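Colleague: Read top to bottom, the protein sequences are chains A and B. Numbered according to our numbering, the first sequence spans residues 1 to 236. Numbered according to our numbering, the second sequence spans residues 1 to 139.
Derived by calculation from the structure, the hints in this document are not laboratory data. Quantities reported herein were computed from a predicted structural model and do not represent experimental measurements. Glycine residues also receive a C-beta, built at the ideal position from the N, C-alpha and C atoms.
To give a feel for the contact side, a few chain A residues facing chain B, derived at Cβ under 10 Å: (1) Ala22; (2) Ser29; (3) Gly32; (4) Leu221.
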Amino acid sequence: MKSWLRGPRAFALAGVLALLIAGALVAASLTGSSDGQAAPEPPAALDSTETSRLLEGVPQNGTVLGRPDAPVTLVEYGDLQCPYCSAWTHEALPVLVDEYVRPGKLRIEFRGMAFIGPESETGLRAALAAGEQDKLWHVVDLLYRNQGHENSGWLTDETLRLVGSSVEGLDVDRMLDRRGGMSAALEESRASAAAAGIDGTPSFQVGPTGGRLRRVPIESLDAGALRPAIDALLAH
Amino acid sequence: LSDGTLRFCIGALASAGLLVAGYLTYARYAGASITCTTGGCETVQESSYATVAGMPVPVLGLLGYATVLATAFLVSDAARSAGAALALGAFAFSAYLVILQLAVIDAVCDWCLVSDAIVTVLVPFTLLRLSAADRRPAR
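Here chain A stands alone, though its shape is the one from the complex (with noise of 0.2 Å):
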C-alpha cells in the first residue's frame, strides 16, 4: 500500500511546514529586536569611586599601567564597545592590579582596537588622548564601566566630556582637542594587533618586558585564565 505521505503531498507539505518554521522564526526576531531597541539614555551622573580606588597610586603612562621596570608585560587588545572587554575589566583587571601590578610585577599595555564601529575610534581616539596626560587608563576603565548598545549612539562627545570631568587632573578639552592627533597611534595598534594575529577582543598577549610577547588564549574573563602564563614568566 502506498503511504500517503509521498509524492506531491509530502512535498507540499514539508513546504508549508518550512514556511511556518522560517515565518514563526523570523517574527520571533523581529519582535524581539524591537523590545531591545530601546533610544539609547545618555549615562547619567557617573561614579568614579571604583575607578579612583583601582587606579590610585598605580603609575601611568601613556598606554601603559604600572612601572616601567616590572619584568613582566601584559598586552590587552580592546574594543570600548566589546561587553566581553568591559566584563574582563569588572572582573579580571582589579585582581591583577592589586596581584600584580601594585607589587611592581607587571606592566599592562592597552592596545585599543575599533573594529564594532565608529563609536569604537571615536571613545579609542579620547582615552589615546587621556594617554598623553597619564590618565588613558581611567578613560578605558569608566567608558567600560558605563558602557552602552554597541553603535547605539552611546559614545557621544558629551559622554566623553562627562567620563573626563570625572577623573581628576584630566584636562578635558585637551583631550578632546587632541583626538584629531591620535590616528598614528590607532594605526601602530591596529597593525600591531595584526601583526599578532589578534582576531577578537579581549586578547591576551604576555612576554618579559621589552622581550618577545606571545599570545595568551583565555578560557574565561576571570584573572585565572592569565595567572599561569604571568606566574610562569615570574618564575623564570
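Chain B: place on chain A using the hints.
Modeller: Positioned in the frame of chain A, the structure of chain B alone reads:
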C-alpha cells in the same frame, strides 16, 4: 543516489552544522572570543538579533541540526518530510539572517556563513530523499 547514501550525506552535513553551532554556543556561554576572519562575529553575536524568543541563535542552530541528524537515522516517510521541512525552513531563516548581517547589523560573521552554506547544501539532499521515497516501498 540510494536512500542510504542520501541519509549518510544528510547526517554528515548535520554533524558539520552541529560542530559550527556548538562552537558558537560555547563561545557565547564561556565568554571566549570567536576566531573570526571577518572581524564581525562578535558584533553579530552581540547584536539584538542574536537571540530569538530569548534563545540564542547558535542554540537554535544546535537544536535544528540535531533534529535533522535524527531524521537521517530514521527510515520513514515522516522522517523524510521532517528533514526536508527543517532544511527548507532553516534555509529561509538563514537567508533572513544574511540580509540582516549585510543591511542592518553591517557586520558579517564567517561562522554564520559556514552554517548558511551547510544549510544550503542540505536542502537538495533532503528534497532528493523526499522524491526518492516514491520509488521505494512504503515504510
